[in-house]
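> Single-letter residue listing:
2 protein chains.
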Amino acid sequence: MTVEKPRPKRRSDGERSRNAILREATRLATVEGIDGLSISGLADAVGMSKSGLFAHFGSKEELQLATIDAAGSVYNELVVEPALSAPSALTRLRQLAENFVRHLEDDVFPGGCFFASVAAEMDTRPGPVRDRAVEFTQTWSGLLVQAVKEAQAEGEIDASEDPVQLAFELNAYLLLANAQHVATGEPLPLELARRALDRRLAAAAA
Amino acid sequence: MTVEKPRPKRRSDGERSRNAILREATRLATVEGIDGLSISGLADAVGMSKSGLFAHFGSKEELQLATIDAAGSVYNELVVEPALSAPSALTRLRQLAENFVRHLEDDVFPGGCFFASVAAEMDTRPGPVRDRAVEFTQTWSGLLVQAVKEAQAEGEIDASEDPVQLAFELNAYLLLANAQHVATGEPLPLELARRALDRRLAAAAA
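Chains as they are written, first to last, in my numbering: chain W, 17 to 222; chain L, 17 to 222.
Be a bit skeptical, because a hint or two may be false.
What the hints assert, rightly or not - No farther apart than 25 angstroms at their CA atoms in a straight line, the calculated lysine to any residue pairs in the SDA-like style are these: (1) 76/L x 52/W; (2) 165/W x 57/L; (3) 165/L x 214/W; (4) 76/L x 48/W; (5) 165/W x 206/L; (6) 165/W x 215/L; (7) 165/L x 200/W; (8) 76/W x 48/L; (9) 165/W x 207/L; (10) 165/L x 219/W; (11) 165/W x 211/L; (12) 76/L x 57/W; (13) 165/L x 176/L; (14) 66/W x 52/L; (15) 76/W x 51/W; (16) 76/W x 141/L; (17) 76/W x 51/L; (18) 165/W x 202/L; (19) 76/W x 219/L; (20) 76/L x 51/W; (21) 165/W x 219/L; (22) 165/W x 76/W; (23) 165/W x 204/L; (24) 76/L x 199/W; (25) 76/L x 140/W; (26) 76/L x 56/W; (27) 76/W x 140/L; (28) 165/L x 202/W; (29) 66/L x 52/W; (30) 76/W x 199/L; (31) 76/L x 54/W; (32) 76/W x 57/L; (33) 165/L x 204/W; (34) 76/L x 141/W; (35) 165/L x 210/W.
These are calculated hints, taken from the structure and not from any lab test.
Make the full structure from the sequences, and use the hints.
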């Protein structure tokens, strides 16, 4: 008696292929721009046919949105999630910032922070691609604000600090570190950001 | 006796036309990207023929470089020059930052800071257009560092501050204000930047 086996390999190949395509797409998008991301351009980059790519993504916009989600997953995995198990909110805040700096240092995306790159490109072009990218940057800001508030509740950040203001300042160091590191390839901006984060958090200590 | 007059009007028309074209180009570049700036696209935007534009700019790259220079002139006129007559280096530093915030508030360019926009777009694309844009952002950083050093020499900023570090932090507030203001259209990021600048300069006072 033969029993037809399920075909996990085939399905898994499909998944792996989609993931591999999207990994390449996130990298390309920080170099060529997410609007420069086309099904034919990506097909060349990953060595697939246009029709093969169309099987995965029905339109350029669908590809762009899937690319943003894929970058979000990378970002969550490298920057956000490792900080979530921190023993205190202040440590979580420090780790979120340091993980961000480290993902720049490690050149995870050739164009630096994926979301800074895509938000800067799309900020004046209304539509779902812009909305999804901006939403991600706002989620990030919200994570920093939330960590500040909890650190205040835990008595580690002074109650007189405005959480939105403090989160803005910390986030600002990260964004400029990103811009200058990508523009120059130098490590100095990353060190300047680290010192600024330390100094600002020391000033905010309860 | 008739004397042939020089023809300043004709020349002036030509100049005005070139300036008008470049003003439109700077605005377009912060929306469509400087790489999205083409002679044919710009010809449509200013209602001229492609051949008319080619008389001004022989190539796309020449147009891009002229657009960067034109944005530099706007920036110098609105942000840098008004600060240069300040009575002290600390006042100059404050005015440079405030003039920058105000040019965002006034929506001088629809995509916010021209140089942040172009640098973010071109940072991974080597060539003279990238170099010119990055050079401008470095000149700006240098102006801030120089003002900090002079304010230290004038005894208004504490000698223990590292000028490069302090300038980095001030510049960071400006860049994030730009990014968030363009993304949301809200005035809040501009106010957060103003408060951050005030707080940081108060902390740095001699």
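> Each hint needs a verdict: does it hold in this structure or not?
Hint-by-hint comparison with the structure:
Simply put, residue 76/L and residue 52/W have alpha-carbon atoms about 18 angstroms apart, close enough for the 25 angstroms limit, and the pair holds. Note on residue 165/W and residue 57/L: the hinted pairing is violated, with a Cα-Cα distance of about 48 angstroms set against a maximum of 25 angstroms. Distance hint between residue 165/L and residue 214/W is fulfilled; the C-alpha atoms sit about 23 angstroms from each other, no more than 25 angstroms. Restraint check for residue 76/L and residue 48/W: the C-alpha separation of about 18 angstroms stays at or below 25 angstroms, so the hint holds.
For the proposed pair residue 165/W and residue 206/L, the alpha carbon gap of about 22 angstroms is at most 25 angstroms, so the pair holds. Restraint check for residue 165/W and residue 215/L: satisfied, since their Cα atoms lie roughly 20 angstroms apart, inside the 25 angstroms limit. Of the pairs offered as hints, the one joining residue 165/L and residue 200/W holds, with about 23 angstroms between alpha carbons and a cut-off of 25 angstroms not exceeded. Proximity of residue 76/W to residue 48/L is assessed by CA-CA distance (about 18 angstroms); at most 25 angstroms being required, the pair is judged to hold.
Distance hint between residue 165/W and residue 207/L is fulfilled; the C-alpha atoms sit about 20 angstroms from each other, no more than 25 angstroms. As the CA atoms of residue 165/L and residue 219/W are separated by approximately 23 angstroms, the hinted pair is consistent with the 25 angstroms bound. About 19 angstroms separates the Cα atoms of residue 165/W and residue 211/L, which keeps this hinted pair within 25 angstroms; it holds. At most 25 angstroms may separate the alpha-carbon atoms for a hinted pair to count; residue 76/L and residue 57/W meet this at roughly 22 angstroms.
Note on residue 165/L and residue 176/L: the hinted pairing holds, with a Cα-Cα distance of about 11 angstroms set against a maximum of 25 angstroms. For the hint linking residue 66/W to residue 52/L, the alpha-carbon distance of about 24 angstroms falls within 25 angstroms, and the restraint holds. For the suggested pair residue 76/W and residue 51/W, the alpha carbons sit about 9 angstroms apart, so the restraint of at most 25 angstroms is met. Simply put, residue 76/W and residue 141/L have alpha-carbon atoms about 23 angstroms apart, close enough for the 25 angstroms limit, and the pair holds.
Distance check on the hinted pair: residue 76/W and residue 51/L sit about 19 angstroms apart at the alpha-carbon level, within 25 angstroms; holds. For the hint linking residue 165/W to residue 202/L, the alpha-carbon distance of about 23 angstroms falls within 25 angstroms, and the restraint holds. The hinted pair formed by residue 76/W and residue 219/L fails the criterion: a straight-line CA distance of about 49 angstroms is larger than 25 angstroms. Distance restraint check for residue 76/L and residue 51/W: the Cα-Cα separation of roughly 19 angstroms lies within the 25 angstroms cut-off, and the hinted pair is therefore satisfied.
For the given pair, residue 165/W sits about 23 angstroms from residue 219/L by alpha-carbon distance, which is consistent with the 25 angstroms threshold. Using a Cα cut-off of 25 angstroms, the hinted pair residue 165/W and residue 76/W is violated, with the two alpha carbons roughly 40 angstroms apart. A distance of roughly 19 angstroms separates the Cα atoms of residue 165/W and residue 204/L; the hinted pair therefore holds under the 25 angstroms criterion. Using a Cα cut-off of 25 angstroms, the hinted pair residue 76/L and residue 199/W holds, with the two alpha carbons roughly 22 angstroms apart.
Between the alpha carbons of residue 76/L and residue 140/W the distance comes to roughly 22 angstroms, so the proposed pair stays at or under 25 angstroms and holds. Simply put, residue 76/L and residue 56/W have alpha-carbon atoms about 24 angstroms apart, close enough for the 25 angstroms limit, and the pair holds. Note on residue 76/W and residue 140/L: the hinted pairing holds, with a Cα-Cα distance of about 22 angstroms set against a maximum of 25 angstroms. Taken as a hint, the residue 165/L and residue 202/W pair is honoured in the structure, with Cα atoms around 23 angstroms apart against an allowance of 25 angstroms.
Distance hint between residue 66/L and residue 52/W is fulfilled; the C-alpha atoms sit about 24 angstroms from each other, no more than 25 angstroms. Proposed proximity of residue 76/W and residue 199/L is supported: the alpha carbons are some 22 angstroms apart, at most 25 angstroms. Restraint check: the Cα-Cα separation between residue 76/L and residue 54/W comes to about 22 angstroms, which is no more than 25 angstroms; the hinted pair holds. A distance of roughly 22 angstroms separates the Cα atoms of residue 76/W and residue 57/L; the hinted pair therefore holds under the 25 angstroms criterion.
Proposed proximity of residue 165/L and residue 204/W is supported: the alpha carbons are some 19 angstroms apart, at most 25 angstroms. For the given pair, residue 76/L sits about 23 angstroms from residue 141/W by alpha-carbon distance, which is consistent with the 25 angstroms threshold. Under the criterion of a C-alpha separation no larger than 25 angstroms, the hint pairing residue 165/L with residue 210/W is consistent with the structure, at around 22 angstroms.
Of the numbered hints stated above, those contradicted by the structure are hints 2, 19, 22, listed in ascending order.
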